[in-house]
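Enquirer: Chains as they are written, first to last, in the UniProt record's numbering: chain A, 1 to 416; chain B, 1 to 129.
Don't take every hint at face value.
[Said to hold, decoys possible] For the chain A half of the interface with chain B, some residues (derived, Cβ under 7 Å), not all of them:
| no. | residue |
| --- | --- |
| 1 | 6 |
| 2 | 302 |
| 3 | 305 |
| 4 | 310 |
[As the list claims (entries may be wrong)] A short, non-exhaustive set of chain A residues, derived as facing chain B with CB atoms under 8 Å:
| no. | residue |
| --- | --- |
| 5 | 303 |
| 6 | 304 |
| 7 | 400 |
| 8 | 401 |
| 9 | 402 |
| 10 | 406 |
Read the hints as simulated data drawn from the structure, not as lab findings.
Cβ atoms here follow ideal geometry from the backbone N, Cα and C, with glycine treated the same way.
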Amino acid sequence: MQRYSGFGLVKHAFGHHENWERQWRNPEPKKRYDVIIVGGGGHGLATAYYLAKEFGIKNVAVVEKGWLGGGNTARNTTIVRSNYLWDEAGRLYNHSLDLWKNLSQDLNYNVMFSQRGVLNLGHTLQDMRDIQRRVNANRLNGIDSEVVTPQQIKEIEPEIDISNRARYPIMGASWQKSAGVARHDAVAWGFARGADALGVDLLQNTEVTGFKIRDGKVLGVHTNRGDIEAHTVGCVAAGNSGVLAKMAGIKLPLESHPLQALVSEPLKPILNTVTMSNHVHGYVSQSDKGDLVIGAGIDGYLGYGQRGSYPTIEHTLQAIVEMFPMFSRVRMNRQWGGIVDTCPDACPILSKTKVKGLYFNCGWGTGGFKATPGSGHVFAASLAKGEMHPIAAPFSIDRFHTGALIDEHGAAGVAH
Amino acid sequence: MFYIFCPYCKEHREEEEFHPRGQAHLMRPADPDNCDDEEWGDYLFFRDNPRGIHHEMWVHSVGCRKFFNITRNTVTYEILETYPMGEQPTITADDPSVRHEQGVQTADGGWQTVGAQPESQALNEEASS
Numbered sequence: 001m002q003r004y005s006g007f008g009l010v011k012h013a014f015g016h017h018e019n020w021e022r023q024w025r026n027p028e029p030k031k032r033y034d035v036i037i038v039g040g041g042g043h044g045l046a047t048a049y050y051l052a053k054e055f056g057i058k059n060v061a062v063v064e065k066g067w068l069g070g071g072n073t074a075r076n077t078t079i080v081r082s083n084y085l086w087d088e089a090g091r092l093y094n095h096s097l098d099l100w101k102n103l104s105q106d107l108n109y110n111v112m113f114s115q116r117g118v119l120n121l122g123h124t125l126q127d128m129r130d131i132q133r134r135v136n137a138n139r140l141n142g143i144d145s146e147v148v149t150p151q152q153i154k155e156i157e158p159e160i161d162i163s164n165r166a167r168y169p170i171m172g173a174s175w176q177k178s179a180g181v182a183r184h185d186a187v188a189w190g191f192a193r194g195a196d197a198l199g200v201d202l203l204q205n206t207e208v209t210g211f212k213i214r215d216g217k218v219l220g221v222h223t224n225r226g227d228i229e230a231h232t233v234g235c236v237a238a239g240n241s242g243v244l245a246k247m248a249g250i251k252l253p254l255e256s257h258p259l260q261a262l263v264s265e266p267l268k269p270i271l272n273t274v275t276m277s278n279h280v281h282g283y284v285s286q287s288d289k290g291d292l293v294i295g296a297g298i299d300g301y302l303g304y305g306q307r308g309s310y311p312t313i314e315h316t317l318q319a320i321v322e323m324f325p326m327f328s329r330v331r332m333n334r335q336w337g338g339i340v341d342t343c344p345d346a347c348p349i350l351s352k353t354k355v356k357g358l359y360f361n362c363g364w365g366t367g368g369f370k371a372t373p374g375s376g377h378v379f380a381a382s383l384a385k386g387e388m389h390p391i392a393a394p395f396s397i398d399r400f401h402t403g404a405l406i407d408e409h410g411a412a413g414v415a416h
Numbered sequence: 001m002f003y004i005f006c007p008y009c010k011e012h013r014e015e016e017e018f019h020p021r022g023q024a025h026l027m028r029p030a031d032p033d034n035c036d037d038e039e040w041g042d043y044l045f046f047r048d049n050p051r052g053i054h055h056e057m058w059v060h061s062v063g064c065r066k067f068f069n070i071t072r073n074t075v076t077y078e079i080l081e082t083y084p085m086g087e088q089p090t091i092t093a094d095d096p097s098v099r100h101e102q103g104v105q106t107a108d109g110g111w112q113t114v115g116a117q118p119e120s121q122a123l124n125e126e127a128s129s
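So here's chain B without its partners, still in its complex pose (with noise of 0.2 Å):
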């Protein structure tokens, strides 16, 4: 159960107010007749899908009613950071101590992983340096 704190309201509130809705940050294109297939199935359908720390939207509805951002663990599901619409997240992926308090670890590619097993680790360790 998460225990929410909208930042519109200034309280903490049980999960069944809010609503999640999916990733923060995603642009609309701005010139939407001028993009190719390619870009727009990108827009309309590819999300990130980390395991370690992701920017959500949420919606506080039955509350405010105002959509907010969360920075959330998506594997120990605990809340960063709440934020409002229009604000940039001060938690992030890329930041060391957040990835070291949090046991981010990134993979080839890119990809962030939580709690995988120590020898992958070690593998990681050795593609970063």
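Chain A on its own, in the form it takes in the complex (with noise of 0.2 Å):
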């Protein structure tokens, strides 16, 4: 692999940068690997590239429908942050936030991780209650999480509105300061081309089409480009998990919704932090080519059609202007959706299944990005040993019939 460095910058403007390496190989597939990763989205590229970095397992294939981050990853608004209410989903965020903080270092690829903290506004005395709550359990938790006042918020975002003349006013926030944003398909190609230098096949355009399962194990998987032997097998298909679990006769209790985003023309600097609200229901961040980037709820109703309605997109701008009236003349620049697994607990799923050495991570719903290293990281882990993560442990499937549900719908709120 070609490490990045200022140096290798000035040597190929020598060279006009026509000489730059590919950044991954296009492999033809072989016919064994030790594991396949169904889903070369952030958090199967995350996986790979774990399994082969730390636990030692290189002959791994990624097995890509389309092409690589070509999904969610190149979808979603790019918030890294971890004030989750619950002990089991504050260690798996705040793990991944752990991660993120090295994470252009460690792939020798600037991902552009970019602290510059997330408020969660409350509007009425029950969010106001709810966020002392939240505070409290994070910090519990290490994680750095604070309760600021509207003059606080001021001081941190100047152009939002905390009057009292707003039809909901600002009553105060939570604040995490180490949480922000990224750069979304550097995430992907990161990975990418870390798991690619330490021997990982990434296979594009593939379609697994169908499990080779035998006395309940999974011996490989059938795709268009021919079948594939490994007796370890990791879903990671987002919104397409449920249609790959019945294809291996496994039931998942995802939903599958639009949901969508929309970046405005880019302007001058004028926002310092993310700022979201669940009770308007909106939230907004500027990215660093200066477009606003927005986003909101999923559409209601099942779809797959990666576009939603433009009643949401409506109701998302109406709580953006409510936060910030000053932008009620920024013109939107583009909008799209992508197809969200939400679970009914609004925690993610990361387990084993009935088919021996088939695992599925999935139902990250509406906030996969900010776990994409510690999600990978986990997930790669429980692989290798045959034996889910302590970490990964409590996102089991049994879950849903046990009744031990992660609540997290405060928390992840507005999806995020």
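Relying on the hints, combine the two individually framed chains into one complex.
Expert: Here it is as structure tokens:
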């Protein structure tokens, strides 16, 4: 692998930047691998990377039906935070946040992780009680989180409207300073390049059409490019997880919904942080290019169409203008939808299944991006050892039958 | 934007008047006290999530406020029929002509797919014959 550095940039400038190595190979599938990862998005690529790097399993294939990082990894609004209420979720997301901090160095790839902080606004007394409870829970779990007053919010984000003229005046917020944003495509590409350099085969345009299962054990996958054998298969397919599960005869409690996002025309720097509101239901940050990155809730109906409906866009922008009246005349540039696999308790599924050797990592719903490194790391550990990693164990699919749900609807709140 | 025919109001209205309320035709277990964890968990949390024909419940929340059912393609978003509560759908994924018209295929394990790659369509046809 060609390492990237400032010197490299200068050196290649003399060659008019025409001699850069390709970031990863495009190999033919082998007959057999130790581990197959189904799904080449951020989580799948991170899983493959950590399998090769930390657990010494390098004979790995990532099978992707489209192109790398072309699904929700390329469609999310790039927010990274870990201020979740329950211990299990807090541990998982904070593990991820710890990995984010050093990810660019680790991958030798600039993922542009910027810890600019996240505000979660409260507009009612009940909002503030919930915020206080969540902040207390966060602090007990070692997550940096604090309650801030409207005046403090105004200092952090000067353009926000904290006046009483608003329909839902802002009463306070929780503030996680170590949270922030990252460049979503770079995350997928960085993990892909790192995994490829360690010997992982990234198989694009390869669609899984079935599983080879005998005596309750997985033996491999059928694909449109022939059968591939492996005794360990990890499915990390987001919105299409249900389709894969059904192929293996497994039920998942997932519902796939469209989730929309939009970006505005580029503006001069105006926002310092990420501002989210559960109550008026929207969130906004500003990308390094200058466009406002805006999102809100899912469309309520099932859909695989990667687009949503206009009323949702309208509600989203109403919320943004409620928080930042000065944006009322900003024009929107692009709007798109992704398919999110939502779970009844708004927490993911990282689990073994009744088919031996077949694992699922799915159900991240509206907030999977922030967990990319952590999810990949604990899932890789689980695949390598054949036992779920302690951080992943509470997220077993069994919880929907035992009742040990991890209800994060509050912290998940507005789609994140 | 959906343009939905309410079977009670007998007219087409815009999507904003309605709310989707999830899968239709769910039966509450007749004897909940004697359900095991598996049955009860399945009833509470596990839903069909088809990539294709789906029967779902909607409520005309700012109109007549009544619940009714819609049969819809979850990939093309085309609404195929609406019908009142208590009635059964006339359009289902099992009907070959509906499958043909809506481009629905069946993958391994009986899962519906729409718009899969042609290669996998060939595989599916082999599997079903």
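Enquirer: Each hint: holds or not?
Expert: For each hint, the structure was consulted:
Annotation: interface hint on residue 6 (chain A) violated; nearest CB of chain B at approximately 43 Å, more than 7 Å. Taking 7 Å as the C-beta cut-off, the interface hint given for residue 302 (chain A) holds, the closest approach to chain B being about 5 Å. Given hint, residue 305 (chain A) at the interface with chain B, holds; its Cβ is 5 Å from that chain's nearest Cβ, closer than 7 Å. At its closest, the beta carbon of residue 310 (chain A) sits 5 Å from a beta carbon of chain B; the interface hint therefore holds under the 7 Å criterion.
Evaluation of the residue 303 (chain A) hint against chain B yields a held restraint, the C-beta minimum of about 5 Å falling below 8 Å. Hint on residue 304 (chain A) holds. Least Cβ distance to chain B is approximately 5 Å, under the 8 Å limit. Interface hint at residue 400 (chain A): satisfied, since its Cβ lies 4 Å from the closest Cβ of chain B, which is below the 8 Å cut-off. Because the beta carbon of residue 401 (chain A) sits about 4 Å from the nearest beta carbon in chain B, less than 8 Å, this interface hint is met.
Residue-level restraint check for residue 402 (chain A) holds (minimum Cβ-Cβ distance to chain B is 7 Å; threshold 8 Å). The beta carbon of residue 406 (chain A) is not positioned within 8 Å of any beta carbon in chain B (closest approach about 13 Å), and the interface hint is therefore violated.
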